[in-house]
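Student: Chain by chain, the residues:
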Amino acid sequence: MSRYTGVTPEDLEIMLAAIGVGSVEELFDSIPAGVRLRRPIDLPPGQPEQAVYAELRRLAERNVSAEDEITFLGAGMYDHYVPAIVDMLMSRSEFLTPYTPYQPEISQGGLQVMFEYQTAISELTGLPVSNASVYEGPSAVGAAAYLAKLANKRPRVLVSRGVHPDSRATLETLAAGYGTTVQEIGLDDGITDLDALRDALADDVSAVIVQQPNFLGAVEDVAEVAAAAHEHGAQAICATDPLTLGVLEAPGNQGVDVCVGEGQSLGNRLDFGGPSFGFFAATTEHLRRMPGRIAGETTDVDGRRGFVLTLQTREQHIRREKATSNICTSQALNALGGVVYLSWLGRRGIVELAELMLQRTHYARETLAALDGVHKLHDRPVVREFALRLDAPVEKVLDRCAARGVNAGYPLARAYPEHPDGLLVAITEQRSRADIDRLGDVLGEAVAAERRAAGVTA
Amino acid sequence: MSRYTGVTPEDLEIMLAAIGVGSVEELFDSIPAGVRLRRPIDLPPGQPEQAVYAELRRLAERNVSAEDEITFLGAGMYDHYVPAIVDMLMSRSEFLTPYTPYQPEISQGGLQVMFEYQTAISELTGLPVSNASVYEGPSAVGAAAYLAKLANKRPRVLVSRGVHPDSRATLETLAAGYGTTVQEIGLDDGITDLDALRDALADDVSAVIVQQPNFLGAVEDVAEVAAAAHEHGAQAICATDPLTLGVLEAPGNQGVDVCVGEGQSLGNRLDFGGPSFGFFAATTEHLRRMPGRIAGETTDVDGRRGFVLTLQTREQHIRREKATSNICTSQALNALGGVVYLSWLGRRGIVELAELMLQRTHYARETLAALDGVHKLHDRPVVREFALRLDAPVEKVLDRCAARGVNAGYPLARAYPEHPDGLLVAITEQRSRADIDRLGDVLGEAVAAERRAAGVTA
Amino acid sequence: MTALEGGTTPQQRERATTIFEKGAAGRRAFVAPELDVPAVEGLIPEGLRRAQPPRLPEATEPEIVRHYVNLSKRNFDLDSGFYPLGSCTMKHNPRLHERVAALPGHARLHPLQDPRRSQGALELMYELQEALAEIAGLPHVSLQPSAGSHGELAGVLLTRAYHADRGEHRTKVLTPDSAHGTNPATVTMAGYEVVKVALDENGGVDVDDLRAKTDEDVACLMLTNPSTLGIFDPNIEEIARIVHGVGATLYYDGANLNAIMGYSRPGDMGFDIVHFNLHKTFTQPHGGGGPGAGPIAVSDRIEPFLPRPQVVRREPSAPNGTTASAGHDGGRRVVGGPPTFDLDEDRPKSIGKLRGFQGNYGVFVRTYAYIRSLGAEGLQDVSEVAVLNANYLLARLREKVGDRLPLAFGERCMHEFVLTGAPMKKELGIRTLDLAKRLLDHGMHPPTVYFPLVVDEALLVEPTETETRETLDAFADAIAQIVDEAAEDPEIARGAPYTTPVRRLDEAGAAKRPRVREQL
Amino acid sequence: MTALEGGTTPQQRERATTIFEKGAAGRRAFVAPELDVPAVEGLIPEGLRRAQPPRLPEATEPEIVRHYVNLSKRNFDLDSGFYPLGSCTMKHNPRLHERVAALPGHARLHPLQDPRRSQGALELMYELQEALAEIAGLPHVSLQPSAGSHGELAGVLLTRAYHADRGEHRTKVLTPDSAHGTNPATVTMAGYEVVKVALDENGGVDVDDLRAKTDEDVACLMLTNPSTLGIFDPNIEEIARIVHGVGATLYYDGANLNAIMGYSRPGDMGFDIVHFNLHKTFTQPHGGGGPGAGPIAVSDRIEPFLPRPQVVRREPSAPNGTTASAGHDGGRRVVGGPPTFDLDEDRPKSIGKLRGFQGNYGVFVRTYAYIRSLGAEGLQDVSEVAVLNANYLLARLREKVGDRLPLAFGERCMHEFVLTGAPMKKELGIRTLDLAKRLLDHGMHPPTVYFPLVVDEALLVEPTETETRETLDAFADAIAQIVDEAAEDPEIARGAPYTTPVRRLDEAGAAKRPRVREQL
Ligand SMILES: Cc1ncc(COP(=O)(O)O)c(C=O)c1O
Ligand SMILES: Cc1ncc(COP(=O)(O)O)c(C=O)c1O
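Protein chains in written order, with my numbering: chain B, 1 to 458; chain P, 459 to 916; chain D, 917 to 1436; chain L, 1437 to 1956.
Incorrect hints may have been included.
[Unchecked claim] Here are the simulated distance ranges between beta carbons:
1) 453(B) - 1607(L): 56 to 62 Å
2) 971(D) - 1491(L): 58 to 64 Å
3) 968(D) - 1925(L): 48 to 54 Å
4) 1457(L) - 1315(D): 21 to 27 Å
[What the hints assert, rightly or not] With a straight-line cut-off of 27 Å between C-alpha atoms, the simulated DSS-like cross-links for lysine-lysine are:
5) 1342(D) - 1088(D)
6) 1509(L) - 322(B)
7) 780(P) - 1112(D)
8) 1836(L) - 1861(L)
9) 1316(D) - 1342(D)
10) 1861(L) - 153(B)
11) 989(D) - 780(P)
12) 611(P) - 1112(D)
13) 1341(D) - 1316(D)
14) 1948(L) - 322(B)
15) 1785(L) - 1836(L)
16) 854(P) - 611(P)
17) 1458(L) - 1509(L)
18) 396(B) - 376(B)
19) 1862(L) - 938(D)
20) 780(P) - 1129(D)
21) 153(B) - 1458(L)
22) 1112(D) - 1129(D)
23) 1836(L) - 989(D)
24) 322(B) - 1836(L)
25) 834(P) - 854(P)
26) 611(P) - 1341(D)
27) 989(D) - 1785(L)
28) 938(D) - 1509(L)
29) 1649(L) - 1632(L)
30) 1088(D) - 1129(D)
31) 322(B) - 1608(L)
32) 1861(L) - 1608(L)
33) 1632(L) - 153(B)
34) 1428(D) - 780(P)
35) 1088(D) - 1112(D)
Hints in this document: simulated from the structure, not taken from any laboratory. Just so it is clear, CB atoms sit at the ideal spot from N, CA and C, and this is done for glycine as well.
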């Protein structure tokens, strides 16, 4: 017996008798001797709840979280405020503990949430159909390219270097499986090099993938990219940060065929990278090729409105090797957080929030670029994140800032060797002007100190 | 409109038209001009959720909580581990948000919880009837004395000096209202002076009140106190710490008529002193005199088992000035926490937990009393808390310990001027032997340092 | 639709079993920390040691969780539907408040922590005192009382202390007929005699009756304004004059404060003592019957008697412990560093303590968050929308069922209103109780019934400001539907509810043969 | 009892309305922080700026809360009742895990935080890798995959990389007929051809068929053991020999690991790659369809190809960045200070990344807490009770309905078992689907139906270890009652359910005319 299992000695006796065996061990007789584990599992003994809590607290305290410093770190996940109702609803047993809704009659709650979520994602992206979630952002990019391959069977995808490095890496890994060649299109002054893209395009290109805003924070001209792709019959795929769609045109309105992205910024925690959710929206043409669950509206035998998992003939449990994807367990709870967040934000709120980020991002960029030894890496419009160049070693500058309680951002050199001096700074509604001014002070002093150390005179 | 109110301009128009007024202000016309507030309320403007969260976090961080130090502070509230299921259940909307169950048909959940709670309290205290909660511990003592007065109309209560100082203070305040004289019975070597008690007892004594274990941590001979009270026809009232009843005899089995106490140690948070709950149990004789809600079992029109608030003719909403108490809103949610905690602890667990505290308390007492300049204040059996005497200024010693991350306990002088050198040390299952040893080190060094400062040579 | 509409729901088919009937001997959820000290026998002498362990449940964690989760589903709650329970102010409970109250710096703070190490808590309490003082229009606040009725008791005891201090011994407290039961019950507990004051034809205090009953034996008049009839007493200034004329205090039962924020303040009406129900106006969740908190605000003359300790702010310039600036003190400028906060126990005239420690701090955290969230404008919006919603709902109901369920007094209301079901009873043969029970089948919580006592077949409706027009319309429709249905067949309402986990319960039987615990 | 038993419940009477139908133009729950910087126009060129805002809901916080709370009540969940959904391991979800995962140090930790400032997270991941390696009996673990099927994909891509590294190009992957749909689907996505292996008469892999199909073109055999039939394959050693004989890898679908902890390990059976479903064996709540996590454990020969980054422990003696000791490394002694943890991106043969960042860390926190809670003994107890419960329930069902719902293969089972409803269908005229739907009226979640495909009218029952004997008995009784009822009147089951918020839904219609979003 443990705190989770309850076979009393009396239970055991009754149960063994009903089964007709003399011991529990006997039930494992079918395991051949040659593969039996002949010793206890080599793990520490179990612990009371309070001890486990204490241990997990100890570990938590060895991390510097967004609660412990003023952070401007983004690069794919962002420190947004998660409203209390999201936590409350995500922790309700009725949402937290059920399985995928295989029995729709007793799963209308979850199914309707999916339907509402799909509606919200469709509205955000400007595309008519959405699935109920995929794992997360980068793998969604890989899944989108697979959909393109299913659609047009072409062997090559073009991906902008402005797409998140993890997305590009994931795309490469997955494409190696389904047999698509990945070719990168470089950036020109912060955004996808349209000339290079046009040069690389041909009739064997399955899809063109661009990110909006791109990894350097720059707003791309998605319509141009989509038009170029379409000229060669390729699919236009856009990865996007959903919160920026409060001020940026919906990809669906710019000719994009598939829009995917990381949903973390919609009411999901940072959680050191997951779980969050990926979203996946497309044109109607692709509906029967979409990966993952899709909730659809229908009626019951009495004519009541209801919801079911629909178009399941796309899916692995029905179609097996002919399925359009292998995805099964996805991110339903996180997507619930997403649609609750979007409801909380609301039609006006998403614009207000995005506008606030836009203005503060502009302010931060100008404030920082005015510092000695700090320059804009590009001049493109930005919404919530921007890239700088420092006249000082970035990692050292970051350490100096961290020591003063400020996380100044992401060192671009980690993913972009061509920008060894690059720093990516992210803004959310949680970073006030005072925080930005503080970053300005701390960063300015750190750069100055490093330049002094390197013998540069300001 | 705010985030909680939703009258749109269109709503407003429709609503005013339906009412037949031209403006909202008009609805306040019945307030005479002479008592109108003619300026805005003088409070800061409203804040977004994230700002309020930040402000409350700022305040929280200006407190040193039991999460921030190793604490041996008790004296009425204790840092026990609250299991996660208690939080989970207390935060379910269905328990958190309803009112007192005035409509039993849609309140069976809450009513059954009360019934189960009453059963658990009755089991713990060894008394046949319990109410569904009172505010908290000290006021429960005052309420118990009021019950005694209702029962026997006598004008005097005797209260042991071992009863919590807040309970004695509250008793005095309330007794001043209902016209009972309160007389204190001193302590003798840590426990209630039985001779003094017998001397003070007479046929005008309504009740005798004792605390188990008492404020100095000592185990009282409750049966003796009860017997003495009964000899004079007085009620025997015992205040107790429910967790100690895992090892201490139930007051009901020792002849006590009313047993009350602070329920915080049962799955409730410290919360800087509240909300928690008070429990109130008694002999059947007192059932119709009890304060507060009582859930009772019954059946519905179809014969189904069900629960209702019962014996409401005791209560203010029915009996008004003839009610046995004025209590209305009580502590239902906290009592839910209590019964969930007791279910979690279980029949064996409460004994194990109390035994663990008993043993660690003994170990701690012996460890500390072995330090130079530290002595036991009394030699009585103790369960979870004990009193020491220090050969050094207690408040200064406490400051020294606090600076090293240890809260060594409660300085008795605050409530017992006769023990200017007294220190009360509390143990819970969260204080391990290692913590106790650390307290030994820190306390020993603090006492030594203070003695050195005072010129004492060890 | 038949009288047995709905038949037997799955919940109805289940027999209610308690946690004591679940589980099995030996099962457990708790795993004890290891005994890490030497085990010593005989630490408790035999006679004092418990002979038999309490027969608590024996169940695994999954069993316990499932038991209580399923019990929770047998409750109606505010997050699920409309809850217009008059006098209870069942407004939305923001979950932000639960989040901030759970921060370890608040939730795991020991009440006896040294004030120097609980500055955040004391600052919060001090600021809350200030805010409540401003809202009440009275300069001094004690946060200590645990609920409204506890605040009332504090208020009457303060009155006693105030008069005693002046060498006066008074014996009577006045309450109007419409008063909540806690008012007279409090008076008795505080050792006074209750004297009832009649209402006039508009539902206000009968000023003549009040004048007649107000003499030098009267210690206090307890009043709520707007009253439990939802009416703001137009004679409040005159009432205050009469009461103060004999040296008595005027006590404000703050249960109905939700109606007037930004429009009037008890202090400005002449009240000496006010209690707040933080679990009403300030949205502490009701928890199925608490916790709440009942802070009080008082005038200067009552201040010396306030319970101890008081939270005070000490200016940094003043040497510690010498000048404590309690209560409202105007300016907030800081000279020579930030102010500190402390607990002042040194109050020689204090009535003492009403409970342990400093009050229901967890509730204060929520209230503080609420006041910060809404701000001055938001609080005024609360009262405006509460009154607007009540009047709109009243208008809809008058339009639909005004003949069967007329308004008891007047034409309009403040934040709540009282209908009388007397015509409905007479004409349709169903009582207010039947209407209430039938509402349960509509998935709504009924209004308060049979209170206030002065109205026959009373129905006290308080929609609160957090409900939308759509919800109010749905409620009016449901009431109309029930009344229409009763006109056709009153038996349906008389037999209601049908779809609830249990149906009408035998309350008389429960009281006659009380079973108040599980027999094991 | 009639076919319409239960009639119309209150929930059934309510039309489902979405959040997009609630609220009204202008309402809001969000209050924006003030714009504290100078407002600048034209920051986004016109063509790129959004012309029309997305038509998101406009509702107050109370409206949103009530909407979703009421939606939640239209879900069945594990905290409310028995959920014996075969292959899904619906065991109790301890709330401790939610508490610890929500600690800000975990929940608000940015995935790109410098490893020096995320040592707690990296230590946790490292220790979890170690624990999973021990449980799998395979030395190296990557936590990265997001779910079981993602782990499968990782596994097949690893196989591809492994063979490619050896200069081999293989084209086929074998899966038995009983395999879960994700296995063949994964194979296709990873660019291989699926070859099915037959089962023998005991439900195990047909060794002869396997031998016949295993050649040098075969890259991998994917297997779950015990299989989805709940049977431990007695020929596992022979199977491993055959597969390894041609240089193929053996992949273990870990969905059924809950059956064997402490008794056997995939690594010891000869598997090269294993995935774990942390949302099954390790009790991450399912969330109505995720999140989960699907870490993989692999043998030495696969290790070089694992995804990047890997979490590594660096011994303090070693100069930073020079010696990374990845994976299992035996001793834990510390020389010269505590070890540090790091992310190792420098893996030249790695298949790359499967997703962003380091995986579903929040799930790892829960799993880590679970493993620490239970320890070695507790994990073995899990499997023992899971198998005991399954066999007991099987025995009870055989006793009661063994003729109508016989066990598909063999006599006993591991942690789950498959019944066939074929005799019931033939004799009583109700299908497994009808039985399942009728169970809904009994307040229980049905077992998995129509899977595995190899069994006609399959019913796959997995009670898990956290259920009590009483619950198993109640389930057996309910099944027996439904079968008896069907013997009297099969129409009842065919029309079921009756008491659920909606009744049987038109799935065909939904697929024919898909409506996958609200029309606004
Ligand atoms: C008018 C009125 N006064 C006083 C009270 C008592 O308040 P509490 O329940 O907080 O003790 C109530 C609460 O029901 C009330 O409505
Ligand atoms: C046997 C088996 N394999 C694989 C999977 C897929 O796992 P996941 O849903 O985590 O992708 C499942 C889950 O349903 C399963 O039961």
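Student: Now tell me, hint by hint, if it's right for this structure.
Tutor: For each hint, the structure was consulted:
1. Checked against the hint of 56 to 62 Å, the C-beta distance between residue 453(B) and residue 1607(L) comes to roughly 58 Å, which is consistent with it.
2. For residue 971(D) paired with residue 1491(L), a C-beta distance near 59 Å keeps the hint of 58 to 64 Å intact.
3. In this structure, residue 968(D) and residue 1925(L) meet the distance hint of 48 to 54 Å, their C-beta atoms being roughly 52 Å apart.
4. At about 26 Å, the beta-carbon gap between residue 1457(L) and residue 1315(D) stays in the expected band of 21 to 27 Å.
5. Straight-line distance between C-alpha atoms of residue 1342(D) and residue 1088(D) comes to about 39 Å, which puts the hinted pair past the 27 Å bound.
6. A C-alpha spacing of about 36 Å is found between residue 1509(L) and residue 322(B), which places the hinted pair above 27 Å, so the restraint is violated.
7. Distance check on the hinted pair: residue 780(P) and residue 1112(D) sit about 14 Å apart at the alpha-carbon level, within 27 Å; holds.
8. Restraint check for residue 1836(L) and residue 1861(L): satisfied, since their Cα atoms lie roughly 17 Å apart, inside the 27 Å limit.
9. Taken as a hint, the residue 1316(D) and residue 1342(D) pair is honoured in the structure, with Cα atoms around 18 Å apart against an allowance of 27 Å.
10. A C-alpha spacing of about 44 Å is found between residue 1861(L) and residue 153(B), which places the hinted pair above 27 Å, so the restraint is violated.
11. For the hint linking residue 989(D) to residue 780(P), the alpha-carbon distance of about 36 Å lies beyond 27 Å, and the restraint is violated.
12. For the proposed pair residue 611(P) and residue 1112(D), the alpha carbon gap of about 25 Å is at most 27 Å, so the pair holds.
13. Pair hint residue 1341(D) plus residue 1316(D) holds up; C-alpha atoms about 17 Å apart against a cutoff of 27 Å.
14. Distance hint between residue 1948(L) and residue 322(B) is fulfilled; the C-alpha atoms sit about 20 Å from each other, no more than 27 Å.
15. A C-alpha spacing of about 57 Å is found between residue 1785(L) and residue 1836(L), which places the hinted pair above 27 Å, so the restraint is violated.
16. Straight-line distance between C-alpha atoms of residue 854(P) and residue 611(P) comes to about 48 Å, which puts the hinted pair past the 27 Å bound.
17. For the suggested pair residue 1458(L) and residue 1509(L), the alpha carbons sit about 18 Å apart, so the restraint of at most 27 Å is met.
18. Taking the CA atoms of residue 396(B) and residue 376(B), the gap is near 19 Å; set against the 27 Å cutoff, the hint holds.
19. For the suggested pair residue 1862(L) and residue 938(D), the alpha carbons sit about 39 Å apart, so the restraint of at most 27 Å is broken.
20. For the given pair, residue 780(P) sits about 21 Å from residue 1129(D) by alpha-carbon distance, which is consistent with the 27 Å threshold.
21. A distance of roughly 43 Å separates the Cα atoms of residue 153(B) and residue 1458(L); the hinted pair therefore is violated under the 27 Å criterion.
22. Between residue 1112(D) and residue 1129(D) the alpha-carbon distance is near 9 Å, which keeps this suggested pair within the 27 Å criterion.
23. Between residue 1836(L) and residue 989(D), the direct Cα distance comes to roughly 32 Å. Violation of the 27 Å bound is thereby established for this hinted pair.
24. Pair hint residue 322(B) plus residue 1836(L) does not hold up; C-alpha atoms about 40 Å apart against a cutoff of 27 Å.
25. Distance check on the hinted pair: residue 834(P) and residue 854(P) sit about 19 Å apart at the alpha-carbon level, within 27 Å; holds.
26. Using a Cα cut-off of 27 Å, the hinted pair residue 611(P) and residue 1341(D) is violated, with the two alpha carbons roughly 44 Å apart.
27. Note on residue 989(D) and residue 1785(L): the hinted pairing is violated, with a Cα-Cα distance of about 55 Å set against a maximum of 27 Å.
28. Proposed proximity of residue 938(D) and residue 1509(L) is supported: the alpha carbons are some 24 Å apart, at most 27 Å.
29. For the hint linking residue 1649(L) to residue 1632(L), the alpha-carbon distance of about 9 Å falls within 27 Å, and the restraint holds.
30. The suggested pairing of residue 1088(D) with residue 1129(D) holds, with an alpha-carbon distance near 10 Å, which does not exceed 27 Å.
31. Only pairs whose Cα atoms come within 27 Å are accepted, and residue 322(B) paired with residue 1608(L) is accepted, the gap being roughly 15 Å.
32. Proximity of residue 1861(L) to residue 1608(L) is assessed by CA-CA distance (about 38 Å); at most 27 Å being required, the pair is judged violated.
33. In summary, the hint linking residue 1632(L) to residue 153(B) is supported, as the alpha carbons are separated by about 25 Å, within the 27 Å threshold.
34. Between residue 1428(D) and residue 780(P), the direct Cα distance comes to roughly 20 Å. Compliance with the 27 Å bound is thereby established for this hinted pair.
35. Using a Cα cut-off of 27 Å, the hinted pair residue 1088(D) and residue 1112(D) holds, with the two alpha carbons roughly 10 Å apart.
Consistency note: the structure conflicts with the earlier hints numbered 5, 6, 10, 11, 15, 16, 19, 21, 23, 24, 26, 27, 32.
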